[in-house]
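Colleague: Residue numbers (this note's numbering), protein chains in the order written: chain A, 17 to 361; chain B, 17 to 361; chain C, 17 to 361; chain D, 17 to 361.
Derived from the structure by calculation, the hints contain no laboratory data.
Only a predicted model underlies this, so the values are computations on that prediction, with no experimental measurement involved.
Every residue, glycine too, gets a C-beta built ideally from N, C-alpha and C.
Do not take every clue at face value.
[Stated by the list, open to error] Label pairs and their computed distance ranges (CB to CB):
hint : chain 1 : residue 1 : chain 2 : residue 2 : range
1    : A       : D70       : C       : R292      : 27 to 37 Å
2    : C       : R292      : D       : D70       : 50 to 60 Å
3    : B       : T106      : A       : Y219      : 34 to 44 Å
4    : C       : G83       : A       : G206      : 53 to 63 Å
5    : C       : G200      : D       : D276      : 30 to 40 Å
6    : A       : G124      : B       : D355      : 51 to 61 Å
If you want the building blocks of each chain, they are given just below.
4 protein chains.
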Amino acid sequence: MLKVAIYGASGYTGQELLRLLLRHPETEVTALTSRRYSGIPVAEVYPLFVGLTDLVYADASPKDVAGLAEVVFLALPHGISMKVAPAFLTEGKKVIDLSADFRLRDVGTYEKWYEKHVVPDIVKSSVYGLPELYRDSIAAATLVANPGCYPTGAILGLAPLLKAHLIDDTSIIVDAKSGVSGAGREPQVGTLFCEVDEGFKAYKVGQHRHTPEMEQELSVLAGHEIRVSFTPHLLPLSRGILSTIYATLQSDVTAAELTDTFRVFYKNCPFVRIYREGTFPNISSVRGSNYCDIGLTVDRRTKRVIIVSAIDNLIKGASGQAIQNMNLMCGLDENTGLDMVALFP
Amino acid sequence: MLKVAIYGASGYTGQELLRLLLRHPETEVTALTSRRYSGIPVAEVYPLFVGLTDLVYADASPKDVAGLAEVVFLALPHGISMKVAPAFLTEGKKVIDLSADFRLRDVGTYEKWYEKHVVPDIVKSSVYGLPELYRDSIAAATLVANPGCYPTGAILGLAPLLKAHLIDDTSIIVDAKSGVSGAGREPQVGTLFCEVDEGFKAYKVGQHRHTPEMEQELSVLAGHEIRVSFTPHLLPLSRGILSTIYATLQSDVTAAELTDTFRVFYKNCPFVRIYREGTFPNISSVRGSNYCDIGLTVDRRTKRVIIVSAIDNLIKGASGQAIQNMNLMCGLDENTGLDMVALFP
Amino acid sequence: MLKVAIYGASGYTGQELLRLLLRHPETEVTALTSRRYSGIPVAEVYPLFVGLTDLVYADASPKDVAGLAEVVFLALPHGISMKVAPAFLTEGKKVIDLSADFRLRDVGTYEKWYEKHVVPDIVKSSVYGLPELYRDSIAAATLVANPGCYPTGAILGLAPLLKAHLIDDTSIIVDAKSGVSGAGREPQVGTLFCEVDEGFKAYKVGQHRHTPEMEQELSVLAGHEIRVSFTPHLLPLSRGILSTIYATLQSDVTAAELTDTFRVFYKNCPFVRIYREGTFPNISSVRGSNYCDIGLTVDRRTKRVIIVSAIDNLIKGASGQAIQNMNLMCGLDENTGLDMVALFP
Amino acid sequence: MLKVAIYGASGYTGQELLRLLLRHPETEVTALTSRRYSGIPVAEVYPLFVGLTDLVYADASPKDVAGLAEVVFLALPHGISMKVAPAFLTEGKKVIDLSADFRLRDVGTYEKWYEKHVVPDIVKSSVYGLPELYRDSIAAATLVANPGCYPTGAILGLAPLLKAHLIDDTSIIVDAKSGVSGAGREPQVGTLFCEVDEGFKAYKVGQHRHTPEMEQELSVLAGHEIRVSFTPHLLPLSRGILSTIYATLQSDVTAAELTDTFRVFYKNCPFVRIYREGTFPNISSVRGSNYCDIGLTVDRRTKRVIIVSAIDNLIKGASGQAIQNMNLMCGLDENTGLDMVALFP
């Protein structure tokens, strides 16, 4: 059994990691840390765990935790992860960081959108943890930067088109809609039930920090620098991101041909499901699963391709993908412990 | 008191008309028709009306109803309205049709997207009932085609830009998200609670019938033919449409300047509220009201303007706008009976 | 125009008071206070007010506010109201307190369930603001203690039965379910969207502070001391309380007879609607209105009467009832400004 | 691998059976029947199954299906199950019926609450499939009547108290609240999103068909006939039932003692979780799992015990319990394939 720890396990992604790891056949969770809940059983904070685990949150140092686990998930806010990661790496542990701290290869870009980076040298050694693009590098990595939730949906929805140079790179618009769990469990007015319920809004229009992350990976795929318009919205539901993506086609191509392109591109990817052309995913078909579902069509009248991708932001957009990365890093089958079928209705 | 009738009053728009008209200081509702609920008090079908009205649904002919009212709202499915409207017009009644039957000036376009039109001659005499664009014509009209819910939000969000030729007309994308009440009250699997709850999806991508209606009005504003990409989505909430609209700017203009353009354009429009640049409306700020709230920003990196408009689809997107039209047609103040403040939370 | 102020106007009940008062034909809101939002326009905190009012929150003393208004609503947490109320009373203002501070006639009971009372002498002069029971006293009062949301639904559902001695007083069970707005707008984990959405729970079982308030009024009605079992639950919706009330009947009486008893009891009460026997209200039929809807049946097999009452907790359960009290205190018609029809769907 | 069929697999319980069986390590689903969807892949009706199964709905006779499976789940409406079951039993198949047709031991009671029974003789041979009460009989049965969703929550919440004669049997009140999936997938106005959303109501007060089923089992536990007041309510959420149960205590006993009684009673039951006294379950802690969570307290002021039980109505209240029964009937470990952790948030 692989011993794993979750460093910063009090939020929704930490909880989700634990939920999945408890049913993972090859892992044993040996430590959960939290400053706020130190000394409190996780089953008191999250009663879904009653009777399933006796784990208690500890306010433990990285050094202490390193002694208990071979793999460490960092489910910390950005800015904190980069302070904690080096201690684990020094001890020879495999680290999967769910924050943004090691995702942007260009430290200047990180510092522009986030804050001063304290360990810029380590950034170089990290691998962007999107298995569909970087499977082999991830398998060889000791530090994986787990992708943001919005970039996961957007990049998977665009990769085959960019790789094949089928679209006008200046025409990309990502109109994405996320459930509330993406905002975390820290109490704030904006995520209170009454503020979100029966409402819907765009937020951080043209300013969301996931923009440079998307652009970094889309640029790699295209082979040159790309800018996108990205508008996140807040849905009155708990889990899921649906991204509606628009781009102008370079040539006359049918939806059926594009669908084939997607099928070929993702043929070895167990968690990407391509829909029949003209049919589109619903968040409720992926909720609770590690799938990214993708459907597309061609609007002949405007020569645009419209792609819709759907993920569960806490699973494929965070904790499930982190476990997928762990599996690859540890030589396990990529989908070990991730065979959940979506919960519907 | 103005005597008004609702022909086809069993659905949500009929119910909403009644709800608003009961509190309108200048109207008396004299007839509600419904084949299905004939003989049943409206307060049994919609218990919110208990104690407020004794009206009973009748299965009455247009002729019978014409004898009871000066103004008739048709809250019927498309295809039925055009069969019923002539009888009222012949009797000299003012008619406000909430269906699509008289919205498209080009009968060929109607027949392509809907069905054979039975009274094409009458189409010419109808006025498109968007008061912000056609106030004077509405005041003089006897037949008003009340706009579709999606077109209302999209047109109001684009009109000032098109009129001033500020955007590239080929670049328009309308990504719209609607609450479930837009689908009506007819039982079907797709609008069951369990199918919609905690889900989100795009539907009729590139094929929604509101597309030609938007394009008709946007083309009038631009002075030449326009095509848009329009993607409707289904939100897990009951009321409201939020439209996120993208267009490429023709020149270097700031969000503040564009906001001013909107303010000037709508300065005499009591139901359009323009937000400070960089701030955006939430559906929950218009729910229950007749307002269309609009916010915008300029994404300098991609030279796009991003406009967000929000309406309550049953009010500004249907029944409220119909009453606004009635007010104009009958010489009443435009906002009589429409001073509702949004219900929040 | 009656000048009114809202002292402590940043929460949901303060917002709701403003929303209703802006459309009240006889009032002008002259001051809104808030320490947190001092200097900020209310339309920035609650965008539904954009374009409707220029009011700005002020951090003003009671003395300052007293100079601006004849009637003052206190929408403050319990414990604060009792410190603020005397200043307004001294200045001869009419005060309607939405907190619990003046509801319990027995100061000892207040101190047992809440905290030390700082102005016990003033408690005696306050009137419990349930117009259906105390209309005349309210009209003569200068200090009205606006009832709690749960007690409003429970007392109105039981009053006719207790007054007529139809039920076994030891058998009363109130199983109540409330929307989340009852918990206020203060950020806390328990009222985050993700914690409430798709969930349902009982809370403070047998310990909720509204218990002694219910018991006080039910005891007055019965003519002797009564104890009830009261279990509040949290519904995944924003507004509304539905109370399912059980009691054992003293004698053989039909649902039709009991319904008549209710109709007679509330015949002069414009905001209580009694349903036909065997039919029951839904929260969605009162949401947005000041109504309390009541339905009942008799379970012959167990000799119990089952009563269901529904209110909008922010309106009849708080701000609407407060305005109803203001109307009575100021000699206005009881339902002035309160003719809202429920918003459905 | 155990070959299993789902007869009548188009509704939510059929879908849920398939969802769970696809991940059950010892079963292979060999047939799904549906008249309406005959010839259509299940993955088209329920897209969550895209890529997971090629099963196609068939309109097959019991005889045809019997040839394909050793165990058959009947997920049919009551009245249909009893017509279909005999064919499977004759062929020596094990049958688990999710309808009400074989739950009531007294055929007269069945016929009073439902309809004429066509195979009354078979009723005697059926076992009521609540493993916590009838584990051994289920293991030996060929026909199991899977319990109703409401009775599951109510019986598990009362069994230890009745068995130990701790409560007054005439005082039992079950106030239960269910998610909408319990109403099935047949389109009807009452379960449309807009009718349920932001609403809450009681329904079939004193008349719900699950009443005699509860009373049958509670009477067995008590050793004499029991009547209960049972009020079902409809929650605006998809999955889950929370039952708040009231009963008067016979003697002076503490919540801690009662909690112990529950712990002992259920000590060999892997799917019943007893909470610490004074703490109560939330539907969201069991959603997606096969658990029944129970918490209780004693209200000393009224001498009542208040028990709250929570289940996922589609799992422990239907399909999960059916698989639990299958496991027992087939000699598998009771919790095989049922180790799901609740999905939260």
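Colleague: For each hint, tell me whether it holds in the structure or not.
Modeller: Each hint tested on the structure:
no.	hint	in the structure
1	A/D70 to C/R292: 27 to 37 Å	55 Å, violated
2	C/R292 to D/D70: 50 to 60 Å	53 Å, holds
3	B/T106 to A/Y219: 34 to 44 Å	52 Å, violated
4	C/G83 to A/G206: 53 to 63 Å	36 Å, violated
5	C/G200 to D/D276: 30 to 40 Å	37 Å, holds
6	A/G124 to B/D355: 51 to 61 Å	53 Å, holds
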